[in-house]
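Q: For the sequence shown, the residue numbers in my numbering are -6 to 336.
Hints are computed from structural coordinates only; laboratory data are not their basis.
Please note that the accuracy of each hint is not assured.
[Said to hold, decoys possible] Subject to a maximum C-alpha distance of 20 Å in a straight line, what follows is the list of computed DMTMM-like cross-link-like pairs (lysine to aspartate or glutamate):
no.	residue 1	residue 2
1	Lys32	Glu209
2	Lys306	Glu113
3	Lys144	Glu113
4	Lys306	Glu243
5	Lys(-1)	Asp9
6	Lys317	Asp216
7	Lys242	Asp(-3)
8	Lys197	Glu209
9	Lys187	Asp9
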Amino acid sequence: MYFDLKPKENAEDLFDYREELQILNRYIKDKLTRMIVIKGPRRVGKTSIIKTCLKENKIKNIFIDARLLSAPTRKEFDLALINGLKGMSIFSELIDKIEEVELGVKISLSKETNLIKLIENKEFVLVVDEAQYLIGSGVDLLLAYLYDHTKIKIILSGSQIGLLDRFIGQKISSAALFGRPFAEIKLQRFNREKSLQFLKEGFKQVQKKIDEKNLEEAVNMLDGSIGWLTAYGYYSLNYQHKTAIEKTKEYGLALVKKEYEEFLSPRRISEKFYNSIMQNLLLKEMRWSQLKRALEISSGVSLTDMQFNRYLKNLLDYGFIEEKEGQYFIPDPLIIALFTNMG
């Protein structure tokens, strides 16, 4: 069903991602493809495509969502990896090699019991969803070793594309994964036509008639994010149109606010500059020079180009703004709604 809020795991529940699914299928089956990187804005279906491909091909895999680790550290990642290995029948022989210690799980690093030595001839897929959360953790060193010395295929996905590029070592020669070839799949938001088609087909699935004008209004307010459109369809199953819109906005605003608070948490000293950039972009799309001048006027502070570029790059890296043909803009209607409410 299109309007299920959980990530999809069956092809019939995916809308209009047939081509991307076929491409991922091909890369996974290609023995020469060692790593696959899937990029796209938040809530465009990256996780659903990965899960569907793995399930339909019955591929043994370990799926780690970096957002769900108790801390973005190598230790926590290793724990998740070990738990995944324990759950796979082909690795039952590993259980005796894993010992519990006071500070967590420790793998003996002696030659006979090295975890990597035990799994290097096994074939499975390791998925790291939202991999950019692991920047600075040392996990990239492990992934580089697995890439070079095992048969394990790696899939990395991320919605904060600038950070994901940093994690995989794009243009950063000192990065652990730098220089290793990978296949790339990019997902985009739906255009207006596809958004309307998605809603129409979703309501057809559940045999519910809905006024065309309501669909138009939903797309006007929620744009091409399949996550927001799915939420609207989900709420429409039990509520009238206006209430479904309000509940979708409430649901979306809570997610966006949490994401922005996480972004600001280590940057409180510069909070007013980030907020001011977002508030200025509510008014209209702006070029670099326009936005810098608007920020200086609204904040009352004269900024160097280096300072301004740092603020801009962070917002771009985390996906709160985007740039196209020299114009900066806020891409998500729920992000716009968040800052409209703040203003």
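Q: Each of the hints needs a verdict: does it hold here or not?
A: Structure-based check of each hint:
no.	hint	in the structure
1	Lys32 - Glu209	28 Å, violated
2	Lys306 - Glu113	38 Å, violated
3	Lys144 - Glu113	6 Å, holds
4	Lys306 - Glu243	28 Å, violated
5	Lys(-1) - Asp9	17 Å, holds
6	Lys317 - Asp216	17 Å, holds
7	Lys242 - Asp(-3)	17 Å, holds
8	Lys197 - Glu209	16 Å, holds
9	Lys187 - Asp9	8 Å, holds
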